[in-house]
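Visitor: All chains, full assembly: derive it from the sequences and hints.
Here is what each chain is made of, one letter per residue.
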Amino acid sequence: MKCELTSKHRVLQRSVLSFCRREIIPVAKAIDDEARFPWEVVEKMGRLGYFGIQAPSNLGGAGLDAVSYAIVIEALSSVCASLGLCVAVHNSVVVYPILAFGSPELQQQLIPPLARGAKIGAFCLTEPNVGSDASAVEATAVRDGDHYVINANKIFVTNGGVADLCLIFARTDPTAGPKGISVIAVERGTPGFHVGDTEELMGVRANPVSSIRLHDCRVPLTQRVGEEGAGLAIGLAALNVGRIGIAAQACGIAQGALEVSIQYAKQRHQFKVPIARHQAIQLMLADMATDLEAARLLVYRAADQRDRQQPFAQESAMAKLFAAEAACRITDLAVQIHGGYGYSKHYPVERYYRDARVTRLYEGTSEVHRMVIARQVLAKP
Amino acid sequence: MGLHIVVCLKAVIAQASSPTDERTAEQCELNPFDRPALALAHRLVERHGGSITALSMGPRTCDFALFEALARGAQRGVMLCDAALKGADTLATSTALAAALEKLGPFDLVLFGTQTADSDAGQVGPQTAVALDLPMVTWVTGIEYSDGKLRVERLADGFCEQFELSWPAALTVHSSAAEPTEPELGAIEQAFGASTVEIWSLEQLGLAPEQVGETGSPTRVLTIDPLNQRKVCSFIEGSTDDQIETLVEQLKTRGNWG
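Chains A and B, in that order, are what the protein sequence lines are. Residue 296 in my numbering sits at position 274 of the first sequence, and the numbers go up by one each step. Residue 115 in my numbering sits at position 112 of the second sequence, and the numbers go up by one each step.
Derived by calculation from the structure, the hints in this document are not laboratory data. Keep in mind it's a predicted model, so treat the numbers as computed, not measured. This list has only true hints and no planted wrong ones.
DSS-like mimics (lysine-lysine), calculated; alpha carbons at most 27 Å apart, straight line:
no.: 1; chain 1: A; residue 1: 402; chain 2: A; residue 2: 201
no.: 2; chain 1: A; residue 1: 51; chain 2: A; residue 2: 367
no.: 3; chain 1: A; residue 1: 294; chain 2: B; residue 2: 234
no.: 4; chain 1: A; residue 1: 288; chain 2: A; residue 2: 367
no.: 5; chain 1: B; residue 1: 234; chain 2: A; residue 2: 288
no.: 6; chain 1: A; residue 1: 51; chain 2: A; residue 2: 66
Guide: Have a look at this one:
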């Protein structure tokens with residue numbers, strides 16, 4: 023068994039980190055403070071292929087593998103979790119389901135602008151009464167000739183404030199329960215498409231998370247992704263892939279927090295020596311590094327399983343659960359190492375601490391992940 | 004027809020656990036000082052047409068540097084890889100590169116980085132140019148190519164020197180001549196997934212083992228020891244005049260002045 027990155031992966035990682043140093047680090051604090059989506063950076067990321075990481079080259083994508091995808095998200099998130107989130111969601115729960123379930127015509131129409139970042143995507147499942155129970159979707163899409171008429175109230179939509187293309191989960195058959203949900207790709211600007219206010223969030227503040235409301239929105243039937251009624255299965259398949267991205271994001275946040283903690287521990291003197299010489303600090307750093315390495319191995323393993331076309335639902339759930347929990351432990355210790363300075367907005371650990379917290383919530387809470395894992399564990403003979 | 008530009012580059016040790024470590028893919032990266040040379044080649048070929056060949060020497064595990072060069076715009080990658088090349092100093096490296104360049108010709112330009120990030124000698128470019136009897140300008144900060152004429156400038160000791168060169172020529176390229184940008188992700192996949200790098204042996208270069216590697220190297224690195232550079236902060240007291248006098252005395256005592 024090989025547990026190492028290939029040359030391609032290392033070159034990719036260095037390239038993304040180099041981009042991060044040049045383009046993202048200089049603005050990371052300001053865009054968090056101002057809760058501003060950095061279009062000037064996003065446009066450059068689009069030109070470099072960050073929005074079509076795994077899309078095939080004939081549709082304008084970079085054609086990379088899932089391990090590469092995890093590497094990109096981790097590297098971006100190590101300096102800015104908001105942009106890591108933007109890219110993760112766009113690639114994994116928007117581009118992926120269109121590629122996996124959309125008709126060839128729909129792929130030709132939607133993927134090229136998404137892959138080059140000319141259009142930003144959003145995944146619209148959550149509603150005021152729909153969270154962990156995704157089958158309870160209340161949004162409706164009623165057939166009217168060759169169109170659907172959609173009414174939906176979607177909340178906590180990542181990329182919502184800037185999204186050009188939203189995958190809307192709506193009920194096409196009110197009598198069919200979980201099998202009565204469909205996914206429909208709706209373009210911003212369609213009459214009846216409204217973007218709500220940006221949420222005031224604790225973390226990932228540079229991502230314009232907002233509500234999306236559709237009021238009698240008419241969308242051609244050809245915009246449906248996959249079969250009618252297959253929406254829940256498509257959503258869950260997308261979330262399986264998405265979990266790898268969120269787990270990689272959690273690793274990135276943890277990596278960023280660990281790096282600044284090591285740097286700080288070497289610089290900060292107390293009792294006439296750098297605090298890195300105190301065993302109390304060393305124990306924390308050791309736990310952080312070990313926790314992160316374990317999380318990262320789970321993430322890469324899940325991505326590798328996907329690349330080898332092996333089942334990866336359990337692996338991605340374990341990776342997401344463990345990495346999210348680890349990121350919260352690690353960023354908490356990072357604040358502890360920084361002492362009072364860690365509580366100050368002048369130091370980046372405060373941002374890492376806030377950003378890490380949401381990884382235990384979105385794309386399935388840690389508790390839902392434990393349910394998923396337990397179900398799979400118990401199903402084994 | 005366009006230009007044929009050869010860019011010589013190296014996989015350098017980015018993180019060494021000990022100074023005598025052999026180069027492995029995990030420890031190495033494309034020499035950051037070579038990236039401006041690649042970027043300049045890319046810019047010239049984009050404007051004037053032609054092709055870029057990337058040339059390197061080292062263990063097989065360092066071929067990633069050539070794949071990275073392919074992702075950064077090169078069309079061909081050639082790796083000089085032979086057990087006899089091991090342990091080469093800058094002169095033996097230049098001998099091997101010159102032999103490879105003879106085979107890769109005709110070319111219009113040979114570009115190098117100004118130095119390597121690991122050994123920092125800055126000798127391979129000029130030595131290779133001498134071996135091939137090519138005109139060379141080092142630390143090129145700007146380049147202009149029009150009407151078949153090549154004009155370059157370099158900054159040295161506060162002066163800006165301008166040169167006109169005959170073809171073919173060799174340059175070492177400073178980062179201010181062409182700022183490297185990151186390759187598209189798709190270009191990385193394309194380079195590593197669908198391209199190949201040619202591996203050339205000593206026999207293909209037409210060189211004898213004693214001309215290259217450790218035996219062909221007139222210099223040897225005997226030891227490398229890390230220096231302990233401790234920074235000490237001290238405050239000089241007294242009136243401004245007294246402080247200046249004390250500072251000057253201290254600088255003189257340490258050999259920094261006079």
